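Engineer: Turn these sequences into a full structure, and let the hints steer you where they fit.
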Amino acid sequence: MVTQQPTSDEVRATWHECCAKLRGQLSSAVYNTWIVANPLTNLEHSSDTALLATIMSPTAFHSTNVKKNFDETLRQTLSEITRKQVEIMYVIGTQSIQNGEIPKYNGIIHDIIPKNSISKSPRVEDLFSPKNLESAAFDRSQLHAKKVGLRTDYTFETFAVSTSNEMAHAAAVAVSNQPGSSYNPLFLYGGVGVGKTHLMHAIGNNIIEQNPQIEMIYSTGEEFTNQIVQAIQTKKVSHFKDKYRSTQVLFIDDIQFIAGKTAVQEEFFHTFNALTKNLKQVVLTSDRPPHEIRLLEDRLRSRFEAGLMIDIQEPSFELRTAILLLKSKAQGIPISIDLAKTIAESVDSARKIEGIITSIRSEVELKKRSLTPELIAEIISHTTQQEKRILNASPTDIIKLVANHFQLTQAVLKGKSRVKQLVTARHIAMFLLKNELSLPLTEIGRWFSGRDHTSVLHATRKVEALLLSDEQLQRDVLSIRRTLQRQGKN
Numbered sequence: 001m002v003t004q005q006p007t008s009d010e011v012r013a014t015w016h017e018c019c020a021k022l023r024g025q026l027s028s029a030v031y032n033t034w035i036v037a038n039p040l041t042n043l044e045h046s047s048d049t050a051l052l053a054t055i056m057s058p059t060a061f062h063s064t065n066v067k068k069n070f071d072e073t074l075r076q077t078l079s080e081i082t083r084k085q086v087e088i089m090y091v092i093g094t095q096s097i098q099n100g101e102i103p104k105y106n107g108i109i110h111d112i113i114p115k116n117s118i119s120k121s122p123r124v125e126d127l128f129s130p131k132n133l134e135s136a137a138f139d140r141s142q143l144h145a146k147k148v149g150l151r152t153d154y155t156f157e158t159f160a161v162s163t164s165n166e167m168a169h170a171a172a173v174a175v176s177n178q179p180g181s182s183y184n185p186l187f188l189y190g191g192v193g194v195g196k197t198h199l200m201h202a203i204g205n206n207i208i209e210q211n212p213q214i215e216m217i218y219s220t221g222e223e224f225t226n227q228i229v230q231a232i233q234t235k236k237v238s239h240f241k242d243k244y245r246s247t248q249v250l251f252i253d254d255i256q257f258i259a260g261k262t263a264v265q266e267e268f269f270h271t272f273n274a275l276t277k278n279l280k281q282v283v284l285t286s287d288r289p290p291h292e293i294r295l296l297e298d299r300l301r302s303r304f305e306a307g308l309m310i311d312i313q314e315p316s317f318e319l320r321t322a323i324l325l326l327k328s329k330a331q332g333i334p335i336s337i338d339l340a341k342t343i344a345e346s347v348d349s350a351r352k353i354e355g356i357i358t359s360i361r362s363e364v365e366l367k368k369r370s371l372t373p374e375l376i377a378e379i380i381s382h383t384t385q386q387e388k389r390i391l392n393a394s395p396t397d398i399i400k401l402v403a404n405h406f407q408l409t410q411a412v413l414k415g416k417s418r419v420k421q422l423v424t425a426r427h428i429a430m431f432l433l434k435n436e437l438s439l440p441l442t443e444i445g446r447w448f449s450g451r452d453h454t455s456v457l458h459a460t461r462k463v464e465a466l467l468l469s470d471e472q473l474q475r476d477v478l479s480i481r482r483t484l485q486r487q488g489k490n
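Residue 3 in our numbering sits at position 3 of the sequence shown, with consecutive numbering throughout.
No lab work stands behind these hints, which were simulated from the structure alone. Worth double-checking, as some hints may not be accurate.
Quick list of simulated restraints, FRET-style, between CB atoms [claimed, not checked]:
(1) Gln25 / Arg301: 56 to 64 Å
(2) Ser182 / Glu318: 27 to 35 Å
(3) Lys235 / His291: 32 to 40 Å
(4) Lys235 / Ser336: 56 to 64 Å
(5) Lys235 / Glu72: 46 to 54 Å
Calculated pairs, PhoX-like style, for lysine-lysine (alpha carbon to alpha carbon, straight line, at most 20 Å) [as the list claims (entries may be wrong)]:
(6) Lys329 / Lys341
(7) Lys416 / Lys400
(8) Lys462 / Lys147
(9) Lys67 / Lys21
(10) Lys280 / Lys241
(11) Lys261 / Lys236
(12) Lys21 / Lys84
(13) Lys414 / Lys400
If you're wondering where the values come from, they're calculated on a predicted model, not measured in any experiment. Heads up, the beta-carbon is just placed ideally off N, CA and C, and yes, glycines get one too.
Structural biologist: Shown next as structure tokens:
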């Protein structure tokens with residue numbers, strides 16, 4: 001006798017009951033982020049006594065964490081409800097449900113969760129709240145990566161490999177699996193947007209996944225410089241030395257920034273020696289090879305060249321297409337291969353690809369526009385015009401625009417008030433000064449009541465993180481940037 005497969009109504013009812021059971025066991029942040037956002041989409045009999053359940057996640061990040069932290073809980077709960085042994089298959093993106101289709105995940109769990117019970121995307125503050133951290137199910141490796149300053153979406157799984165970067169990718173994987181043993185230091189160099197920073201963060205994320213307690217420091221050349229200058233001024237050099245020389249893994253992005261700075265190079269030389277002597281891993285990136293970095297001390301140059309140096313070339317058309325498909329999928333944007341090829345023909349770096357995808361996401365999610373060839377052509381045209389136009393803006397222009405957008409005075413925006421709206425506006429202004437004008441962190445701080453570089457760094461990183469999930473922040477930044485671009489035309 002053939003066993004009848006569960007209907008879509010039965011699947012929905014099963015998931016509704018499962019949610020009801022788990023809602024009382026987990027904090028609201030954990031429940032909404034890891035249960036609600038990853039629904040049951042199918043059930044089928046694998047035998048008379050067993051079921052295969054399909055859990056659909058919006059991104060690979062969600063899928064990996066649900067499987068890692070909640071697999072046993074979900075299997076046990078579903079087994080109690082169905083009175084059968086349950087195994088789970090985890091999928092990403094659109095997944096059909098028997099006798100009907102569940103639309104692609106868009107932040108709303110159809111017919112299961114009451115309206116307004118969750119936001120469209122989980123907020124960063126909720127994910128890392130003290131209440132959430134008390135949950136044993138929370139992936140602490142993600143928290144460690146955030147504290148270090150790594151982008152958790154920059155992983156090996158989201159890095160497209162081609163002939164232009166396959167050697168760098170292989171070396172990065174080897175270093176992440178045996179830090180301190182293979183290729184020390186690893187020195188990656190190449191132009192803007194070729195994937196140096198992505199690989200650096202991927203190494204860190206993979207190391208943390210294997211060893212969540214490992215001591216690790218990620219810094220840019222500018223941040224390292226600012227920190228040693230501050231340590232000298234505050235007479236805390238010994239603390240600085242202890243911090244950097246006790247870490248097990250050190251990442252310095254854009255190491256070329258320390259060139260020509262005698263005291264900084266002196267300290268980095270001794271830090272580098274202390275780490276490599278004790279088989280602690282050092283990973284460096286630069287926009288050029290060591291012998292082309294002007295004013296870099298010979299002793300540092302020789303040590304960098306003693307490791308593995310890899311030149312990452314500009315991505316080919318095929319690689320740019322693959323990067324587009326990977327990054328768009330990670331953000332839940334269903335770009336077809338044909339559309340990806342159209343975009344890849346118009347951009348020349350991974351960084352520009354990220355900008356295009358951000359624009360697409362804004363148009364599709366915020367303006368509810370359809371993802372059509374016409375929309376892609378419009379975004380490409382706008383991006384091309386923006387690149388051709390030299391932005392003739394000053395820090396005062398940007399501060400004035402942000403102040404006007406939030407209906408504040410410039411004095412208040414640059415002041416020290418901790419009112420939430422003011423802090424958000426101030427952080428956005430700092431973020432734009434860094435990203436639109438490429439101002440050093442210390443210079444940005446001088447525009448805001450003399451704040452130090454660490455405060456500016458915290459502000460810019462917070463905006464970068466929130467832009468991935470906070471719709472209102474996305475609207476604010478997009479609106480200010482467009483006003484800035486319109487002014488640039490005049």
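Engineer: Report the numbers of all earlier hints that the structure fails to satisfy, in ascending order.
Structural biologist: none
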